[in-house]
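There are 2 protein chains.
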Amino acid sequence: MQQTRDRAIGILDSGVGGLTVAREVMRQLPRETIYYVGDTKRCPYGPRSKEEVRKFTMGIVRFLMNHPIKAILIACNTATAAALDLVREQVDIPVLGVIDPGARAAIKATKNKTIGVIGTQGTIQSGAYEQALRKIHPDLTIHSLACPAFVPLVESGYRHTALADDIVADTLSPLRNTSMDTLILGCTHYPLLADSIRKAVSESVSIISSAEETAVELSTILQHQQLLSDQHSPKHRFFTTGSTESFSKIAEDWFGFPVKVEQVELYFPSVG
Amino acid sequence: MQQTRDRAIGILDSGVGGLTVAREVMRQLPRETIYYVGDTKRCPYGPRSKEEVRKFTMGIVRFLMNHPIKAILIACNTATAAALDLVREQVDIPVLGVIDPGARAAIKATKNKTIGVIGTQGTIQSGAYEQALRKIHPDLTIHSLACPAFVPLVESGYRHTALADDIVADTLSPLRNTSMDTLILGCTHYPLLADSIRKAVSESVSIISSAEETAVELSTILQHQQLLSDQHSPKHRFFTTGSTESFSKIAEDWFGFPVKVEQVELYFPSVG
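For the record, the sequence lines run as chains Z and Y.
Position 105, counted from 1, in the first sequence is what numbering that gives the first Met the number 0 calls 104; the numbers after and before it change by one each time, with no gaps.
Position 64, counted from 1, in the second sequence is what numbering that gives the first Met the number 0 calls 63; the numbers after and before it change by one each time, with no gaps.
Isolated chain Z, as found in the complex (with noise of 0.2 Å):
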């Protein structure tokens, strides 16, 4: 009989922005097996109303339910901002987002208490990280801007494109007139980004990835509940609601190793 601490992670994600999370996991988790589903067809999520981004991510968690996991991780803003609650409240296992462990970071990263935030239009009007930021440390001045182009320039596979940084400066210009010396990356797709970022905001500002963040969060919860696997040779399984082809395209571009993906459909009964 298996473990449970010898269980699979479940990483969720609208498409393949999720793959910077699982990619630090097995960076600085590599005892760790990973469950991973992005939900490509309905992806962005980032547009969608919190109702729909609630019942896709809880028709994800319904689906990883079925699958021998011990924790999940929410690997995108938009989800973490509309459904973290939601999902905590329907499992009895460790559920994480990205939202706080960036929060986290940045804080501790942050010399002058000033802090931009990009993110989705669904993450940015959420009002998620100037909450998360703001419960932990009263005092911080917050500039977010929403990046909308960002995600379909990633799941369109245009990342290492000189379209790429001339759209990515430009969206960003309106940050650069502020003293922000910490910028969170507040969407999971962005760190795919990270070299037009790095080029397009001064070089002291410290960039924070939550991906590495969330990873570094995951093994922190993983110890305190007991739950860090010693396996040795861990076998991760991808799915993808779209198509396989692009998605294990873009994953083997970003891990530098061949990946298998499987095509599922999930179901969406109503949530509350």
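Just so you know, the hints here were simulated from the structure itself, not pulled from any lab data.
Hints are supplied without guarantee of correctness; some may be wrong.
Unchecked claim - Pairwise CB distance ranges (calculated):
1. Y/A161 <-> Z/D138: 34 to 44 Å
2. Z/K40 <-> Y/N65: 53 to 63 Å
3. Y/A193 <-> Z/H142: 27 to 37 Å
4. Z/S242 <-> Y/E202: 37 to 47 Å
5. Z/F254 <-> Y/L162: 43 to 53 Å
6. Z/K234 <-> Y/K110: 21 to 31 Å
7. Z/Q224 <-> Y/N65: 20 to 30 Å
8. Z/Q2 <-> Y/F256: 45 to 55 Å
9. Z/T113 <-> Y/A193: 17 to 27 Å
Glycine is no exception: its CB is placed at the ideal position from the N, C-alpha and C atoms.
Dock chain Y against the given chain Z, drawing on the hints supplied.
Below, chain Y alone, put in the same frame as chain Z:
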């Protein structure tokens, strides 16, 4: 009646070293109240037997448990290595040490999987960092070095001197021929020597302060247990078993504001 979440964080150390953790908790979690105990009278813990360190640590824990606290932070690597498990068994509130957060941050930071660890004799001999690192990541090269001169250097107030630079450079010389790209300051006193340490190692080495990382981990655990405070002006308290005068001098130098220090006697019933 006080809410659990408005209770203090109990921080304990063998002396003033844990003030580096206290300062990071104040900076990253400015809504939290701190009750700090420095066992200066019995400092340093580094060269003492495990049994003795466990006895002293439990003495401080008993003192703290008579105050309104919601979590205990063992801000001393030697005490964490010797007594973290024991304290966790004895109290029913969250207990954090400084070793796992530093290990996690080093795993995040390293690119070549080669990590240096410096600490007291007690910490290095215990192998606690190697164990913490390998538990999470099986495939690391680790170089450990005991630096017995560093704690007395800090506690005696010599940290800003040329003598400090010389002693630090000389002590760290065995690490200079390794390929470590990350160095864990495995003693909470060592951030007080950060300038000297920075000069003694290659610029490309990432220096990990367990102080900063432990504050992040405290934030994580408090949030996942719904114990984050929402107070605005926490009233910290500082206790020492030794001279209040030399303690407050070092504390004020490190914090940059006046610190009232109370003297306490601790009692040590025998422990298992």
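A quick look at each hint next to the structure:
1. Take Y/A161 and Z/D138: their Cβ atoms lie about 38 Å apart, and the range 34 to 44 Å holds.
2. Evaluation of the 53 to 63 Å hint for Z/K40 and Y/N65 yields a pass: the beta carbon distance comes to about 58 Å.
3. For Y/A193 and Z/H142, the hinted distance range of 27 to 37 Å is satisfied, since their beta carbons lie about 30 Å from each other.
4. For the pair Z/S242 and Y/E202, the beta carbons lie near 46 Å from each other, so the given range of 37 to 47 Å is met.
5. For Z/F254 and Y/L162, the hinted distance range of 43 to 53 Å is satisfied, since their beta carbons lie about 50 Å from each other.
6. Roughly 26 Å separates the CB atoms of Z/K234 and Y/K110, a value that falls within the hinted 21 to 31 Å.
7. In this structure the supplied range 20 to 30 Å holds for Z/Q224 paired with Y/N65, their Cβ-Cβ distance being about 29 Å.
8. The given range of 45 to 55 Å is respected by Z/Q2 and Y/F256, whose C-beta atoms sit roughly 50 Å from each other.
9. At about 24 Å, the beta-carbon gap between Z/T113 and Y/A193 stays in the expected band of 17 to 27 Å.
Violated hints for the displayed structure: none, as all numbered hints are satisfied.
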